[in-house]
Amino acid sequence: MNLLQILSDTSKISNVTLDRNSLVSAFWKYAAISELLIISFFVILYFKTREKKLTSIEAQLKNSKNNKVNMDDLMLSINNSRNLYKLLSKNCHPDRFINSTSHSEVELLFQKITENKRNFQELVKLKEIAINQFNIKIE
Amino acid sequence: MWHKIIEIVDWFGEMTERYKLIRDFNKAGKNAFISGIAPTLLEAKITNGDSNYRHQFSKFLGGGFRIKALSGRPLKKEEMIEIGKIILDNKELVRKLVALGWDTMEVHDNSGFNGCKWPLKDYANIGGYLN
Numbered sequence: 001m002n003l004l005q006i007l008s009d010t011s012k013i014s015n016v017t018l019d020r021n022s023l024v025s026a027f028w029k030y031a032a033i034s035e036l037l038i039i040s041f042f043v044i045l046y047f048k049t050r051e052k053k054l055t056s057i058e059a060q061l062k063n064s065k066n067n068k069v070n071m072d073d074l075m076l077s078i079n080n081s082r083n084l085y086k087l088l089s090k091n092c093h094p095d096r097f098i099n100s101t102s103h104s105e106v107e108l109l110f111q112k113i114t115e116n117k118r119n120f121q122e123l124v125k126l127k128e129i130a131i132n133q134f135n136i137k138i139e
Numbered sequence: 140m141w142h143k144i145i146e147i148v149d150w151f152g153e154m155t156e157r158y159k160l161i162r163d164f165n166k167a168g169k170n171a172f173i174s175g176i177a178p179t180l181l182e183a184k185i186t187n188g189d190s191n192y193r194h195q196f197s198k199f200l201g202g203g204f205r206i207k208a209l210s211g212r213p214l215k216k217e218e219m220i221e222i223g224k225i226i227l228d229n230k231e232l233v234r235k236l237v238a239l240g241w242d243t244m245e246v247h248d249n250s251g252f253n254g255c256k257w258p259l260k261d262y263a264n265i266g267g268y269l270n
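Residue numbers (the numbering used here), protein chains in the order written: chain Z, 1 to 139; chain P, 140 to 270.
Calculated from the structure, these hints are not laboratory results. Errors might be hidden in some of the hints.
[Said to hold, decoys possible] Taking lysine to aspartate or glutamate and the EDC-like style, the derived pairs with C-alpha atoms no more than 20 Å apart in a straight line are:
| id | chain 1 | residue 1 | chain 2 | residue 2 |
| --- | --- | --- | --- | --- |
| 1 | P | Lys230 | Z | Asp73 |
| 2 | P | Lys207 | Z | Asp73 |
| 3 | P | Lys230 | Z | Asp72 |
| 4 | Z | Lys68 | P | Asp163 |
| 5 | P | Lys260 | P | Glu231 |
| 6 | P | Lys207 | P | Glu217 |
| 7 | P | Lys224 | Z | Glu107 |
| 8 | P | Lys230 | P | Asp163 |
| 9 | Z | Lys65 | P | Glu221 |
| 10 | Z | Lys86 | P | Glu217 |
| 11 | P | Lys224 | Z | Asp19 |
| 12 | P | Lys224 | Z | Glu105 |
| 13 | P | Lys224 | P | Glu182 |
| 14 | P | Lys169 | P | Glu153 |
| 15 | Z | Lys86 | P | Glu218 |
| 16 | Z | Lys68 | Z | Glu122 |
| 17 | P | Lys159 | Z | Glu122 |
| 18 | Z | Lys65 | P | Glu217 |
| 19 | Z | Lys65 | P | Glu153 |
| 20 | Z | Lys65 | P | Glu218 |
| 21 | Z | Lys127 | Z | Glu107 |
| 22 | Z | Lys62 | P | Glu218 |
| 23 | Z | Lys62 | Z | Glu35 |
| 24 | Z | Lys112 | P | Glu146 |
[Said to hold, decoys possible] Calculated Cβ distances over 10 Å to all of chain P for the following chain Z residues:
| id | residue |
| --- | --- |
| 25 | Tyr30 |
| 26 | Ser34 |
| 27 | Lys65 |
| 28 | Lys68 |
| 29 | Asp72 |
| 30 | Leu84 |
| 31 | Glu105 |
Even glycine gets a Cβ: it sits at the ideal position worked out from N, Cα and C.
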């Protein structure tokens with residue numbers, strides 16, 4: 001009788017310990033989940049503040065990393081723009097068109113030539129404009 | 140940790156972009172020299188740069204963008220200044236150079252120590268100041 005009673009008591013105790021173990025494991029599970037949530041919240045917060053910290057200048061510079069620069073045009077500018085500018089500035093000078101009706105337009109053209117004096121591609125376009133619109137002979 | 144990983148990836152990306160730019164410039168310079176457009180062969184290389192011209196994006200020990208006249212005839216001072224000004228007039232290129240960590244633009248002759256240099260941050264025109 002006593003033995004049976006003891007056995008029944010031990011089974012009760014084991015049930016109680018099982019319940020306690022499951023409670024403890026559940027607690028740690030929820031603790032881990034909440035920890036993960038807190039960490040992810042701080043990670044998101046960190047990246048958002050980092051984005052805000054990027055000033056407009058930095059953003060501009062970051063975008064300019066992807067700029068495509070044509071190196072062949074650059075080489076043409078380095079080697080040919082000076083001569084072409086001299087030629088155009090001599091032939092399209094507004095003083096040569098003082099009594100002409102297109103004096104003001106040639107003046108604008110000359111301003112553009114001066115602005116783009118180191119850009120070969122633009123100078124070629126302006127040369128074409130000078131030849132086609134104003135009938136200037138470029139020699 | 141993620142931030143560090145992103146920084147490392149960015150760093151490698153920038154390095155490849157830097158070397159790509161140098162390679163493109165040298166290729167274009169070589170083609171221009173071979174085809175007879177250019178009287179001198181121009182070569183770009185990375186140097187230390189000037190510490191006085193540093194800004195917040197400057198690369199450590201790699202802030203100088205040097206253009207060197209390799210062969211043909213030696214460059215005059217006016218020609219060196221002209222080459223430098225043509226590059227500095229190209230806004231897109233200057234911004235790209237600044238963004239990729241260069242701070243000094245140098246033009247050098249093949250022989251001697253004479254050359255010209257410019258601070259790139261003064262020519263970036265990005266509507267603000269770089270430290």
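Here is what the structure says about each hint:
| no. | hint | in the structure |
| --- | --- | --- |
| 1 | Lys230/P - Asp73/Z | holds, 14 Å |
| 2 | Lys207/P - Asp73/Z | holds, 18 Å |
| 3 | Lys230/P - Asp72/Z | holds, 16 Å |
| 4 | Lys68/Z - Asp163/P | holds, 11 Å |
| 5 | Lys260/P - Glu231/P | holds, 13 Å |
| 6 | Lys207/P - Glu217/P | holds, 15 Å |
| 7 | Lys224/P - Glu107/Z | violated, 25 Å |
| 8 | Lys230/P - Asp163/P | holds, 17 Å |
| 9 | Lys65/Z - Glu221/P | violated, 25 Å |
| 10 | Lys86/Z - Glu217/P | holds, 15 Å |
| 11 | Lys224/P - Asp19/Z | violated, 81 Å |
| 12 | Lys224/P - Glu105/Z | violated, 28 Å |
| 13 | Lys224/P - Glu182/P | holds, 17 Å |
| 14 | Lys169/P - Glu153/P | violated, 24 Å |
| 15 | Lys86/Z - Glu218/P | holds, 15 Å |
| 16 | Lys68/Z - Glu122/Z | holds, 17 Å |
| 17 | Lys159/P - Glu122/Z | violated, 26 Å |
| 18 | Lys65/Z - Glu217/P | violated, 30 Å |
| 19 | Lys65/Z - Glu153/P | holds, 8 Å |
| 20 | Lys65/Z - Glu218/P | violated, 28 Å |
| 21 | Lys127/Z - Glu107/Z | holds, 14 Å |
| 22 | Lys62/Z - Glu218/P | violated, 32 Å |
| 23 | Lys62/Z - Glu35/Z | violated, 35 Å |
| 24 | Lys112/Z - Glu146/P | violated, 43 Å |
| 25 | Tyr30 | holds, 25 Å |
| 26 | Ser34 | holds, 21 Å |
| 27 | Lys65 | violated, 5 Å |
| 28 | Lys68 | violated, 8 Å |
| 29 | Asp72 | violated, 5 Å |
| 30 | Leu84 | holds, 12 Å |
| 31 | Glu105 | holds, 25 Å |
Violation of the numbered hints given earlier is confined to hints 7, 9, 11, 12, 14, 17, 18, 20, 22, 23, 24, 27, 28, 29; the remaining hints are satisfied by the structure.
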